[in-house]
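Kindly produce the complete structure, drawing on both the sequences and the hints.
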Amino acid sequence: MNVGLEHYLVVSTLLFALGLLGVILRRNLLVIYMSLELMLNAANLALVAFSRFNNNLDGQVFVFFIITVAAAEVAVGLALIVALYRKRQTTHVEDLTTMKL
Amino acid sequence: MQDILNYIFSSNGLFWLFSGMTLIFGFLVIANPFSRNPVTSAMFLVLAIASLAGLFVLLRAFFLAAVQVLVYAGAVMVLFLFVIMLLDLKAEERRKIKSFGIVAGLVSVGAILAIFFKSLSSSRLGGGQSPALQGDTISLGKLLFTAYALPFEIVSVLLLVAMVDVVLLSKKDLK
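These protein sequence lines are chains A and B, in that order. Just so we're aligned, residue 1 is where the first sequence starts under this note's numbering, counting upward by one. Just so we're aligned, residue 1 is where the second sequence starts under this note's numbering, counting upward by one.
To be clear, the hints were calculated from the coordinates, so they are not data collected in a lab. Beta carbons are placed, not taken as given, at the ideal position from N, Cα and C, and that holds for glycine. Watch out, some of these pointers could steer you wrong.
Unchecked claim - Covered stretches of chain A, as calculated for chain B (at least 3 residues, CB under 8 Å):
(1) 10-21
(2) 25-34
(3) 55-68
(4) 73-85
Below you can see the structure in the form of structure tokens.
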């Protein structure tokens, strides 16, 4: 049996599920961020697989843009985490309940 | 040389190797049974991203595989490690994962996996049996500077905005 589009999509789905599980399970902001990166990479894998098996290069250009935006997002998010840590000395989401009534 | 490359690409072993490595390292990022240290998670994220770059090579997306290694495994992960070293995260390791979180996580992930696989099995996936696409630098660069020239410029503005934002956020006296 040859590896086809379905195989890559299943791997991408499982990777996305792992990232979602990490976001829900872990309570550390940095690890939640890494799980978000996993989910972005799962979407990238699906896009590249579709691009290859439909003979269309547009999907790879999308992945290029996603990688760029993800790099910008990580920079801004980590700056926010550092600013938050300066004020509160924690990166644990359960300690950040200022907006709770 | 070309024969060897063709043989490597046509065999399925590398796909199973790289996808298995991606999933195992991805699991170790989120739920490492031996260490709860964020540094360990970051290191396993580097490995997961590198094996994902291997999958990109198998899909003939050579340029994206290189960008994946350079940008993700290089720049982004160095940024992560730098921030982890900057913060003192000793107290984080002693925290317990709540059982409610495990149950909620497994239920929601099971639900979304069921939706994914149902739609995957009921949809007719197009795509020829012998794809001939090559995602090399030349063809991708041509596309990027002709059809996608405007989004490319907008992304450069976005990067500038992100840079200004980070400089402002990391000031000492944040208003």
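Verification of the supplied hints:
no.	hint	verdict
1	10-21	holds (count 11)
2	25-34	holds (count 8)
3	55-68	holds (count 11)
4	73-85	holds (count 11)
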